[in-house]
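First to last, the sequence lines map onto chains W, F and E. Mapping of the first sequence onto our numbering: position 7 corresponds to residue 7, and the numbering continues sequentially without gaps. Mapping of the second sequence onto our numbering: position 68 corresponds to residue 68, and the numbering continues sequentially without gaps. Mapping of the third sequence onto our numbering: position 250 corresponds to residue 250, and the numbering continues sequentially without gaps.
Since the hints were derived computationally from the structure, they do not count as laboratory data. Hints may contain errors.
Stated by the list, open to error - The calculated lysine to any residue pairs, modelled on SDA-like cross-linking and capped at a C-alpha distance of 20 Å, are:
| id | chain 1 | residue 1 | chain 2 | residue 2 |
| --- | --- | --- | --- | --- |
| 1 | F | Lys52 | F | Arg10 |
| 2 | F | Lys24 | W | Ser223 |
| 3 | E | Lys262 | E | Pro204 |
| 4 | E | Lys346 | E | Glu230 |
| 5 | W | Lys12 | E | Lys346 |
| 6 | F | Lys52 | F | Lys30 |
| 7 | F | Lys47 | W | Lys43 |
| 8 | F | Lys52 | W | Asp58 |
| 9 | F | Lys52 | W | Lys43 |
| 10 | E | Lys200 | W | Glu37 |
| 11 | W | Lys2 | F | Ser29 |
| 12 | W | Lys2 | F | Lys38 |
| 13 | E | Lys20 | E | Leu189 |
| 14 | W | Lys43 | E | Phe300 |
| 15 | E | Lys322 | E | Val342 |
| 16 | W | Lys43 | E | Arg206 |
| 17 | W | Lys12 | F | Lys47 |
| 18 | E | Lys347 | E | Ile260 |
| 19 | W | Lys12 | F | Gln23 |
| 20 | W | Lys183 | F | Asp60 |
| 21 | E | Lys201 | W | Met1 |
| 22 | E | Lys161 | E | Phe212 |
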Amino acid sequence: MKKITKTPSVLKPNPTHYCPGCGHGIVHRIICEVIEELGIKEKTVGVASVGCSVIIYDYIDIDFCESAHGRALATATGIKRCRPDLIVFTYQGDGDLASIGVAETLHAANRGENLTCIFINNTCYGMTGGQMAPTTLVNQVTATTPFGRKPERGEGHPLKISEILASLDGVCFVERVSVSNPKNVLKAKQAIKQAFINQIENKGFSLVEVLSMCPTIWRKTPSQACKWIDEVVTKTYPLGRIK
Amino acid sequence: MYEVKIEKDRCKGCGLCIEFCPQKNLEFSKDLNKRGVKYAVFNKNKKCIGCKFCYLMCPDSCIEIYER
Amino acid sequence: MKDKKIFITGNEAMGLAAIKAGCKFYAGYPITPQNELTAFMARELPKAGGVFVQAESELAAINMIIGAASVGARCMTSSSSPGISLKQEGISYIAGMQLPCLIINVMRGGPGLGNIAPSQSDYFQATKGGGHGDYRLIVLAPNSVQEAYDLVILGFNLADKYRNPTMILLDAMLGQMSESVILKKPKILKVKKDWKIDIKKDRPQRIIRSFFIKEGFLEKHNLILKRKYERIKKKEQRAQDYRTQDAKILIVSFGSQSRISKEAVEILRKKGIKAGLFRPITLWPFPEDSLKRISKKVKFILVVEQNFGQMVEDVRLAIRDKKPVYFFGRAGGGIPTATQIVNFIKKLL
């Protein structure tokens, strides 16, 4: 019997701590497939952020540097400027990238740092128990918006950070994808591959925003979570190439 | 002809592979695995077209697909 | 061949020393009174094959340092008091990750926005933490432009030797004044950085981390840090003393204040009062071994600082309060003068 699938070897074999149906596992695998297919796995280093994926280095077998919450892109800047031969990516959640780290994100993008930024958007702060994130949808109930997020109550609007970053000259590529069904998973892989190719070709800052399932916090089954992304989340955060 | 092999005790029972199989070849087991959950099982009697949707959607690398 | 002698500001001398020590990455943000250093690095570091980044904040700068240090580059950031406050989270991370780097604090008046006059009010911040967790910064306090130059080179060596963040602590006066510096050939410590992240071929993964969530792992990690700090305490205390052999009164000051306190020692000696000066150079590890020895025969100690009493606590701790310890200080940009010190001592006698 011939095997027609190939789980990438740079993806470690140990089971993950992620919830059943969480999108992280799919994106980790995609990143591993991409860096193997592009032949760059030996010179790729990752910057881990703070969120459910804080121990991403337990799952992907490349060198990693941790970063303080929100500061991954500053740390990645330090790495890339000293070692431009390395391929450097950050892997960040919505709080890390768009809330506490929004200044570091904006300025790394504005400087056109030659980096690949993978942004996981699950519309909440997962690791800490489901608080509001900048990306939380209007009326979405979270631990800190127990009555639903209401902009008129001073709780802010869903932040379209990808659209904002796309307006900067230093940014060469922005695409929003999801891992909510097989077709989208394939498109997500294409986008992530392009984001790494752009770095290899020194084109500047590339961002891929991945709408990802968070069944536990959303109080949904994994299948329901996928539907939620396809039917509701994409109304606020439409998929597609933004830049 | 294709066959889906699922690592039983690695499966977290998320059901994404079952949800997205266009042939409905996958279903939940009757018994529990070492994790204490119902795991995904491939029905060998049905026809797998090798679309790899289950492999694409599995967050835990439980699945490998073989060509017979 | 004689070593070259130049006339330069403290800030620029430190920039020059950093480049000569092999600094390859600098990230900083404008803040008075250290802007001359940032501007110097912007001009000179690229010429020396290094990278200069004006970061979007002091916070971003320290986090860029994490990245640069993680790939083994000698790296540096600088700021002044309020900006150093912003860096505290990053410094805690750097200590936990055991990354070497140099942090320069050109102190100004505080707390808060304060002013831009010289001050020594960040002693606590530098030596007692500032950031969270059980860690220590190696803190070096120069009192001249020459020493600022020399201690930057030493600082990079100590940082690499111990895989620890190291701070140069000075004040606005020292940063912005000009003095002669003899450019001796720097002794650069070469260490093998086999922990740095790099191209990975046929070797296990390397992770630069301060996060250890599995049961017992963080305690083990903290023990490693603790033992390191004990080694540093044993080996790296540095101080200077002046006319202390027969001193009955010991004045203790650091940094630029020590030069004013030295003048007070001269005035007192001329009046027949046997005064001496003890000047810590490492504020952490505090030079308690030599202070204990030197203070054995004195009647009392007067600690003089440009703050309202910070190093005085370490003096008392070092000698276990075996002698009376008095304090005289001025803060918020005020500088204790030699006359004021002499008058204060006269009142004590």
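Tested hints:
no. : hint                   : verdict
1   : F/Lys52 with F/Arg10   : 18 Å, holds
2   : F/Lys24 with W/Ser223  : 14 Å, holds
3   : E/Lys262 with E/Pro204 : 55 Å, violated
4   : E/Lys346 with E/Glu230 : 40 Å, violated
5   : W/Lys12 with E/Lys346  : 73 Å, violated
6   : F/Lys52 with F/Lys30   : 24 Å, violated
7   : F/Lys47 with W/Lys43   : 42 Å, violated
8   : F/Lys52 with W/Asp58   : 26 Å, violated
9   : F/Lys52 with W/Lys43   : 29 Å, violated
10  : E/Lys200 with W/Glu37  : 17 Å, holds
11  : W/Lys2 with F/Ser29    : 26 Å, violated
12  : W/Lys2 with F/Lys38    : 28 Å, violated
13  : E/Lys20 with E/Leu189  : 12 Å, holds
14  : W/Lys43 with E/Phe300  : 62 Å, violated
15  : E/Lys322 with E/Val342 : 23 Å, violated
16  : W/Lys43 with E/Arg206  : 13 Å, holds
17  : W/Lys12 with F/Lys47   : 31 Å, violated
18  : E/Lys347 with E/Ile260 : 19 Å, holds
19  : W/Lys12 with F/Gln23   : 30 Å, violated
20  : W/Lys183 with F/Asp60  : 18 Å, holds
21  : E/Lys201 with W/Met1   : 32 Å, violated
22  : E/Lys161 with E/Phe212 : 24 Å, violated
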